[in-house]
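Read off the chains here:
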Amino acid sequence: EAEVAQSPRYKITEKSQAVAFWCDPISGHATLYWYRQILGQGPELLVQFQDESVVDDSQLPKDRFSAERLKGVDSTLKIQPAELGDSAMYLCASSLVDVGSDSYEQYFGPGTRLTVT
Amino acid sequence: QKEVEQNSGPLSVPEGAIASLNCTYSDRGSQSFFWYRQYSGKSPELIMFIYSNGDKEDGRFTAQLNKASQYVSLLIRDSQPSDSATYLCAPMDSNYQLIWGAGTKLIIKP
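Read top to bottom, the protein sequences are chains Z and F.
Here the first sequence is numbered in this note's numbering, starting from -2 and rising by one per residue.
Here the second sequence is numbered in this note's numbering, starting from 149 and rising by one per residue.
Be careful, since some hints might not be right.
[Stated by the list, open to error] Below, in silico cross-link-like pairs of lysine-lysine (BS3-like), each with a Cα-Cα straight-line distance of 25 Å or less:
{"no.": "1", "chain 1": "F", "residue 1": "K190", "chain 2": "Z", "residue 2": "K75"}
{"no.": "2", "chain 1": "Z", "residue 1": "K8", "chain 2": "F", "residue 2": "K190"}
{"no.": "3", "chain 1": "F", "residue 1": "K257", "chain 2": "Z", "residue 2": "K59"}
{"no.": "4", "chain 1": "F", "residue 1": "K215", "chain 2": "F", "residue 2": "K257"}
{"no.": "5", "chain 1": "F", "residue 1": "K204", "chain 2": "F", "residue 2": "K215"}
{"no.": "6", "chain 1": "F", "residue 1": "K150", "chain 2": "F", "residue 2": "K257"}
[To be verified] Only part of the chain F face toward chain Z is listed, based on derived beta-carbon distances under 10 Å:
{"no.": "7", "residue": "V152"}
{"no.": "8", "residue": "N155"}
{"no.": "9", "residue": "L159"}
{"no.": "10", "residue": "Y184"}
{"no.": "11", "residue": "S191"}
{"no.": "12", "residue": "M240"}
{"no.": "13", "residue": "W248"}
[Said to hold, decoys possible] If you want the ones that stay clear, here's a sample from chain F, every Cβ over 12 Å from chain Z, calculated:
{"no.": "14", "residue": "T172"}
{"no.": "15", "residue": "R176"}
{"no.": "16", "residue": "S230"}
{"no.": "17", "residue": "A250"}
{"no.": "18", "residue": "G251"}
Hint data in this document are derived by calculation from the structure and do not stem from the laboratory.
C-beta: ideal position from N, C-alpha, C; glycine also.
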């Protein structure tokens, strides 16, 4: 069964350091989402890609966060410098978004648990 | 502001009983609705989606949708301890973005 891959699964970093997360979506899924989830809350959308283009990054703190999907397949989310408040689960999801087949489901990877000390 | 309301729980249900999880949403433009299950420390797992008014059944799970009332629910029959998790309701908006509630924590008591 096809899955969304993410790495690393866990990351501990000191504040002011740089950190990067990688995501490989399900093959053929053109739409990719990065979320941040704090304990007890629903996921918060950070950025949405359609192929290699950013569709929505309005909730991405652009002073320290960046995201790219250069070839329209895998994607990287970077934080520089990390702050204590960035400690959270970072989730990647992908979707086919096929209007013709009425397919819009989002499938999540295992996530990266980030702890900033 | 697009909002999703769910009872945070915890909702405690005896093993073998029916668990009923409810969700209301504010975006009248939402046409697709998703239920995710999330175990503690894990990522959300898609368990049901529903696009049309009425009921949709998949094994022990039934999703119910009433767009006029802006209400969607999930029923879990013959609840098992392994169903203990947080259930997230997520309507999709016109930009193919999910609008998330905070989830309902479900506890199945043996």
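| field | Hint numbers not upheld by this structure, sorted from lowest to highest | value | Checked against the structure, the hints that fail are numbers 3, 4, 6, 8, 9, 17, 18, while the rest are satisfied.
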